[in-house]
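Visitor: Go ahead and model the full structure; you've got the sequences and the hints to work with.
The residues making up each chain are set out below.
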Amino acid sequence: MSADELGHVGSTLGERAVFGFWVFLMSDAVIFALLFATYGSLLDATAGGPTPAALFRIGDSLIETWLLLSSSFTFGMASIAMKYGNARENVGPLLAWSAVTVVLGLSFTGMELHDALTLFQQGAYPSRSGYLSVLFALVPFHGLHVVGGSIWLIVVMVQLLTFGRDVRVNMNMLRLGLFWHFLGIVWVAIFSVVYLQGLIR
Amino acid sequence: MTDAHAWHVLFGNIDAHSWAFVRAWDNPTVSEVIAAVAAAIVVIAAAALGALTTALGKWRYLWMEWFTSLDPKKIAIMYVLIAFVMLFRAVIEGVLMRAQQAVAVNSPGFVSPEHFAQLFSTHGTIMVFFMAMPFIAGLFNYIVPLQIGARDVAFPLLNSISLWLTAGAAALLMASLVVGKFSTGGWTGYPPYTELGFSPGVGPDYWIWAVTLGSIGSNLTGLNVFVTIYKMRAPGMHLMRMPLFCWTALCTAILMIFAMPPLTVATALLALDRYLGYHFFTNDLGGNMMNYANLFWLFGHPEVYILILPAFGVYSEVVSTFSSKALYGYTSLAVATGAIAVLSFTVWVHHFFTMGQSADINGAFGIATMAIAVPTGVKIYDWIWTMFCGEVRFSVPMLYSLAFMVTFVLGGFSGIILAMPPLDFQVHNTVFIVAHFHNMLIPGVLYGLLAGYHFWFPKAFGFRLNERWGRIAWACWVAGFFLTFMPLYVLGLSGMVRRAQEVFEPAFRPWLFVSFGGASLLLCALVALLVQLWVSIRERADNQVFVGDPWDGRGLEWSLSAPPPEYAYAVVPVVHGRDTFFEAKRNLNARPPPERYADIALPRNSAAGVLIGISAAAAAFGLVWHIWWLAILGFTAIWAAVIGRSFARAVYRIVPAAAVERTEARWRHAIGDALPVSRACETTSANRGLARAPS
Amino acid sequence: MAVVATLSGCDVAGHGFLNAHGPVSSGERHLFCIVASVMMLVIVPVLVLTPLFAWHYRLRNRDHAYRPNWKFSWWLELLIWLPPSLIVASLAVLVWRSSHQFDPYTPLPLGAGRIEVQAVAFDWKWLFIYPQSGVAAVDELEIPVGHPVHITLTSATVMQSIYIPVLAGQIYAMGGMVTQLNLAADRTGVFMGENTQFNGAGYPRDQFSVVSVSDTDFERWVARLRTAGSALDGAALGRLSAKSVESKPLYFATAPPGLFQQILARVRSSAPVADAGAR
Numbered sequence: 001m002s003a004d005e006l007g008h009v010g011s012t013l014g015e016r017a018v019f020g021f022w023v024f025l026m027s028d029a030v031i032f033a034l035l036f037a038t039y040g041s042l043l044d045a046t047a048g049g050p051t052p053a054a055l056f057r058i059g060d061s062l063i064e065t066w067l068l069l070s071s072s073f074t075f076g077m078a079s080i081a082m083k084y085g086n087a088r089e090n091v092g093p094l095l096a097w098s099a100v101t102v103v104l105g106l107s108f109t110g111m112e113l114h115d116a117l118t119l120f121q122q123g124a125y126p127s128r129s130g131y132l133s134v135l136f137a138l139v140p141f142h143g144l145h146v147v148g149g150s151i152w153l154i155v156v157m158v159q160l161l162t163f164g165r166d167v168r169v170n171m172n173m174l175r176l177g178l179f180w181h182f183l184g185i186v187w188v189a190i191f192s193v194v195y196l197q198g199l200i201r
Numbered sequence: 001m002t003d004a005h006a007w008h009v010l011f012g013n014i015d016a017h018s019w020a021f022v023r024a025w026d027n028p029t030v031s032e033v034i035a036a037v038a039a040a041i042v043v044i045a046a047a048a049l050g051a052l053t054t055a056l057g058k059w060r061y062l063w064m065e066w067f068t069s070l071d072p073k074k075i076a077i078m079y080v081l082i083a084f085v086m087l088f089r090a091v092i093e094g095v096l097m098r099a100q101q102a103v104a105v106n107s108p109g110f111v112s113p114e115h116f117a118q119l120f121s122t123h124g125t126i127m128v129f130f131m132a133m134p135f136i137a138g139l140f141n142y143i144v145p146l147q148i149g150a151r152d153v154a155f156p157l158l159n160s161i162s163l164w165l166t167a168g169a170a171a172l173l174m175a176s177l178v179v180g181k182f183s184t185g186g187w188t189g190y191p192p193y194t195e196l197g198f199s200p201g202v203g204p205d206y207w208i209w210a211v212t213l214g215s216i217g218s219n220l221t222g223l224n225v226f227v228t229i230y231k232m233r234a235p236g237m238h239l240m241r242m243p244l245f246c247w248t249a250l251c252t253a254i255l256m257i258f259a260m261p262p263l264t265v266a267t268a269l270l271a272l273d274r275y276l277g278y279h280f281f282t283n284d285l286g287g288n289m290m291n292y293a294n295l296f297w298l299f300g301h302p303e304v305y306i307l308i309l310p311a312f313g314v315y316s317e318v319v320s321t322f323s324s325k326a327l328y329g330y331t332s333l334a335v336a337t338g339a340i341a342v343l344s345f346t347v348w349v350h351h352f353f354t355m356g357q358s359a360d361i362n363g364a365f366g367i368a369t370m371a372i373a374v375p376t377g378v379k380i381y382d383w384i385w386t387m388f389c390g391e392v393r394f395s396v397p398m399l400y401s402l403a404f405m406v407t408f409v410l411g412g413f414s415g416i417i418l419a420m421p422p423l424d425f426q427v428h429n430t431v432f433i434v435a436h437f438h439n440m441l442i443p444g445v446l447y448g449l450l451a452g453y454h455f456w457f458p459k460a461f462g463f464r465l466n467e468r469w470g471r472i473a474w475a476c477w478v479a480g481f482f483l484t485f486m487p488l489y490v491l492g493l494s495g496m497v498r499r500a501q502e503v504f505e506p507a508f509r510p511w512l513f514v515s516f517g518g519a520s521l522l523l524c525a526l527v528a529l530l531v532q533l534w535v536s537i538r539e540r541a542d543n544q545v546f547v548g549d550p551w552d553g554r555g556l557e558w559s560l561s562a563p564p565p566e567y568a569y570a571v572v573p574v575v576h577g578r579d580t581f582f583e584a585k586r587n588l589n590a591r592p593p594p595e596r597y598a599d600i601a602l603p604r605n606s607a608a609g610v611l612i613g614i615s616a617a618a619a620a621f622g623l624v625w626h627i628w629w630l631a632i633l634g635f636t637a638i639w640a641a642v643i644g645r646s647f648a649r650a651v652y653r654i655v656p657a658a659a660v661e662r663t664e665a666r667w668r669h670a671i672g673d674a675l676p677v678s679r680a681c682e683t684t685s686a687n688r689g690l691a692r693a694p695s
Numbered sequence: 001m002a003v004v005a006t007l008s009g010c011d012v013a014g015h016g017f018l019n020a021h022g023p024v025s026s027g028e029r030h031l032f033c034i035v036a037s038v039m040m041l042v043i044v045p046v047l048v049l050t051p052l053f054a055w056h057y058r059l060r061n062r063d064h065a066y067r068p069n070w071k072f073s074w075w076l077e078l079l080i081w082l083p084p085s086l087i088v089a090s091l092a093v094l095v096w097r098s099s100h101q102f103d104p105y106t107p108l109p110l111g112a113g114r115i116e117v118q119a120v121a122f123d124w125k126w127l128f129i130y131p132q133s134g135v136a137a138v139d140e141l142e143i144p145v146g147h148p149v150h151i152t153l154t155s156a157t158v159m160q161s162i163y164i165p166v167l168a169g170q171i172y173a174m175g176g177m178v179t180q181l182n183l184a185a186d187r188t189g190v191f192m193g194e195n196t197q198f199n200g201a202g203y204p205r206d207q208f209s210v211v212s213v214s215d216t217d218f219e220r221w222v223a224r225l226r227t228a229g230s231a232l233d234g235a236a237l238g239r240l241s242a243k244s245v246e247s248k249p250l251y252f253a254t255a256p257p258g259l260f261q262q263i264l265a266r267v268r269s270s271a272p273v274a275d276a277g278a279r
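So the protein lines, in turn, are chains X, A and R. Under this note's numbering, the residue at position 148 of the first sequence is numbered 148, and the numbers go up by one with no gaps. Under this note's numbering, the residue at position 653 of the second sequence is numbered 653, and the numbers go up by one with no gaps. Under this note's numbering, the residue at position 65 of the third sequence is numbered 65, and the numbers go up by one with no gaps.
Mixed in with the good hints there might be a few duds.
[As the list claims (entries may be wrong)] In silico DSBU-like cross-links for lysine-lysine, where the CA-CA straight-line distance does not exceed 35 angstroms:
id, chain 1, residue 1, chain 2, residue 2
1, A, 231, X, 83
2, R, 71, A, 231
3, A, 74, A, 231
To be clear, the hints were calculated from the coordinates, so they are not data collected in a lab.
Guide: Here it is, written out as structure tokens:
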């Protein structure tokens, strides 16, 4: 018996899984929103230490933006491959696009890590001031999500090789897609609120 | 040095003096001995349970039938069990505090200041996160699917994970009795007192991780309940036809989803301060402790509505059932529930009116706080008018509901006082506020949980609870509450501060004595509940209600056997209106036999929840004591379990149609054998669970 | 709450704001009485109707109507929603007005000269600096009757809350930040002041005396401190910074000007407060 024929009228398993994941993303969004609010309230709490204008380099942030938003594009291509690939065993294009997405995602976090190490060398570490504390909470929190999503995508790739494109793998990809694009949106907010604002002020 | 270094890597900051027994041996004051006795109880109880289970050979049974079960009915029973165990500990802590304050008037008493501070911190943390929340999760898990005509919640595995995260966090709290000390910063954990500089021990870390695990569990429960109600109602069960308990469950779930994240942020940022030297809430280098207050209470206020709304749902069910009458003002009640849920996010500043905000801000939040009183008052009036022209029976659940109605309004009264900033300036952080929130939590939340326990126990276990001991417990709770907390209102208005291990005003003494007397009564109430359970189990053969409808109930849950089969509904019901089962009974069509039976798919058991809960608790313990290998191992194990589980394919098992038909036939045979009872006889042994329709 | 009304003359309530000794607390007491009376309109119907209905409509009573399906009435809805909304709306106006009237930051409109006090909360004692006369005291706040007192507060340790029930409501004192409290006494006497925000083992003893005296007695007190008090130097600040309770008030002849601001700056930069007085 397939998972869909469960006798729960009114909704299918897939519908519930995706809806439930949206709800989870909303509570994750609340966490990000509160980190942004904390960022706003600690923007001036530099305690005589490094300020945003002194720290940020727009070039690096632009490259990171390009990496992450491209990965959203490649994930979209993967989603299309999932939906329109013919046989269940035809996972080639899907795997390829997923692999590119993982590479882009991990490159993004790699760059962020490099940026953080550079900041540390400049004397901008989180225990220096309230501002740096919130900077090194908000941005790494997003980065950890990207790492988590990349690991998740690798797991999905393994499952594609093991099971092909079966129902549970598809449900997994649907939810991961929501997650991945959500992270892209949050990054746009981070780029604007943290980097652009920091350089303009 | 190598030996000491190896020890430190293996066991982190644990040393000889971390153990409560060693501390009591080195310094045998009454305070330390009490702590050691508590630790001994934990160790002995755990060992005894383990030994008993081994001796009876029940490990396999427990593992297969309970721990790995994804049946929401079993998960619910485990939740309520956790709640009762933690209630026992927290009530004892409360009695200890009342005893200390009664004795410590111009005298040091018998509990040291630090021990007293741990007591009020654990008491609050346990009652909110490990008594009330699990109890509520238990009621939701059992009753909501049954009331909406569903067989299960939306995400059974997530349900199990939530349960075991909560259990793991509770275990962490029990561990803090044995090794280390708990936080002395209260259940709110305000920095900078809880920062490393002012609280260098492991206490706040225990608090942070226990609360974090518990709050993640609650967040996921809210998600589960929300999707269940939204997506899995039986055909015809429109939102406006749901029982009121499901309305309150829906709104509570929404609150859980949006209100737990602020707590996660507050504790996570505090953890970053303590572990990595960040400056979110420190005095220096740009930290701002006011952010913590805002974050915590952005969670904290909706939290109290998370606690009270399910109780309101229980009262709706109980009052209408035991008045043999439709609930008055269903639409108003549903609208009021939604209004309370929305408004609960707009009032959080009233928890810190005294923090120096402008009069504009304080005034605005004071007005918002008053606004919540309107829908709450509407609900109380609607319950009162439900009794109007009804036939009121004074069963134990109804007694709790009546006691709630007359006592809760006094808490509302003190709440309006507190909503006025200038008056709050006078009574904030005094025992007036302690009296106020206990006035809301005991008559409001606890009576509701106990009413729900008495109301639905026959459904879950197939036999009624003993009425006499139920009434004795009720009387002790009600009298105990009044005696314990009314004096605190007077003392608060007289300027006595809260959290005081010692008082210096002799005029306070008689009031504190009365309060201690009340607390002793509350302990008796708890003992009476245990006696009631014992007696009820002994007498269960006389009080069987297998047919399933001992109270002439109104909702769909009463249309099943007691206990219900594991699949709950053999055939998903079709719903035509409100109080659908009650209407069917009046139309003499209470339990229509289905035309045919089909196979039913149920989730297979899974060890993932147990593994995740144990790993999370282990990781948390490692974080508390800086045992880094344990923290990393536990964290990795959580995700290994998650990833491993995602590779599982055959996650359902089939209950064949023939088995379903056999179970149903047995039940219908019992219905045929049973004699219907009138409401006057519902608490006698003649009640087999079949209600007689009134002529 | 009726119990409280009858007890307002009773021994214990004499310690709180119901036994007000100043304009702020008597205003708050007046507000309390208004709100308590209004709330009776809401409470009493519930306390009366609940037992009344439950008893009259009990199962064993044959003498009542039974209408099992009666569940709605427009008139009753109006009665249930409207009066509470009106009561809350009028109380809301009261909330707004009283929040502004009793704002702790608003100076009191009293004619007499304002007394400035700078308070620093320690573990577990209170330092009161009088910048106008250059003296300071620990755990004793001396004020002249009828004069408005303006207290600026900060904490040298954790969040604390200054509370003198018979004179005014409380306000938090927080490290690295400044809050304010305005109050006055309308009669002489010795009143209790305390900290209400838990801050450790010595918290129950974190109390101080408020001594309200006549103008001349206040001048004499300042003069006595100037001659007999000790110096509020590094050693004294070190003693205050230690986690301890002072069994008796301490008196200081000279508080260095700008000491309050220096303590504030040191807490913000995690420097030891004991060095604040040093030049």
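Visitor: Hint by hint, say whether it matches the structure.
Guide: Consistency of the hints with the structure:
Note on residue 231 of chain A and residue 83 of chain X: the hinted pairing holds, with a Cα-Cα distance of about 24 angstroms set against a maximum of 35 angstroms. Simply put, residue 71 of chain R and residue 231 of chain A have alpha-carbon atoms about 28 angstroms apart, close enough for the 35 angstroms limit, and the pair holds. With a CA separation close to 22 angstroms, the supplied pair residue 74 of chain A and residue 231 of chain A stays within the 35 angstroms bound.
In the structure shown, no violation is registered for any of the earlier numbered hints.
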